[in-house]
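J.: Starting from the given sequences, assemble the full structure and let the hints guide the process.
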Amino acid sequence: MTLKKRTLLFLLIVFQAMLRTGSWLFPSGPVLGADTIPRILPWPGEKWENAVDLTSLDPSLWKRNLSGIYWNSRTGRLWLANNSGTFTVLKFNAGVFEKEREYPVGGDLEAITQTDLEGDSVFLLAEREAEIREYGIKDGQLRQTWSLKTCLGDLKNNGPEGLAFIPDEWLAKGGFQDSAGQVYNRSAHGASGLGGIMLVAIQAVGRAQAGDVYAFDLKKDGTWTAVGKYQTARRESCELAFDAQTGLLYILHNIDGNTLEVTDLKSSPQGADRRFTTLREIRVPSRSNIEGFSLGPAERVGASASEYWCFFADDANERGALRWFSRFSESGQGGPFPF
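Position 298 of the sequence shown, counting from 1, maps to 298 under the working numbering, and the rest follow consecutively.
No wet-lab data here; the hints were simulated from the structure.
Derived pair list, reagent style PhoX-like, types lysine-lysine, alpha-carbon separation capped at 25 Å:
hint	residue 1	residue 2
1	LYS219	LYS138
2	LYS138	LYS99
3	LYS138	LYS220
4	LYS220	LYS149
T.: Listed below in structure tokens is the structure:
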């Protein structure tokens, strides 16, 4: 084979590989570190248009700006954060979701989570304010605020977007390490802490920390300890969802056509920081402005332990602001999504 033919064959092979991995369509691609992401896996659930559209439960509020989601399968509650300053809770009842209550508390609310599945509080992430806030569920009152500006800087509308709580149990099981590479297997604050750490995902597009995830060990008095900063597979991150059944963290990237990155909380050195080990990436079933994601065990009689639901929020409400996906493949190796 001549040199010219060999060169053409090589180029053809490279082109085919680019098509398979999506790097031809999305040239910015993953930021690869010590591990390599072989390809973006197809979405393993129903199509966007076939998922249940829940937007009609609050069409006025969710016309724009629905961002954060947290599914509590223990209580059958779906918590939603809207960056117009309101968070909402839906209740799953007799096979359908219904709106239970709205909380018009103000602020640029982008993410929501809980530390205690049966507790009387929720935690909100306010982007422009760079704060984590705790609110009571029964009274709706602000209980505590943690300002993160001294660590994150003033990123305004390009700042913290995703929030997830990792309990001590999974810090230990997952081999979580701090910025120095030391094992961080529980909150350092004991009874004064929350029994785990908070992870905060950053957009920061165009900045050095774009797409990074920060770890904070919060104290009940409103102070915190910085645990570490972790690079991800892409240069933007807008949502975090932790699966307490499997110990997997899902990182939503609202860039390059929208992907979900899956990690097991392990990390490796990457320059002055660390980088989460990427197990796989999954293509999100919509290319709109998807900013919210949550998943967890299905809430229905007879559901198997590996049967999962998930939810997406579209900030632009292009084809529904809130979609409920109820059909997934059975649990694969280490999570509800097959490898």
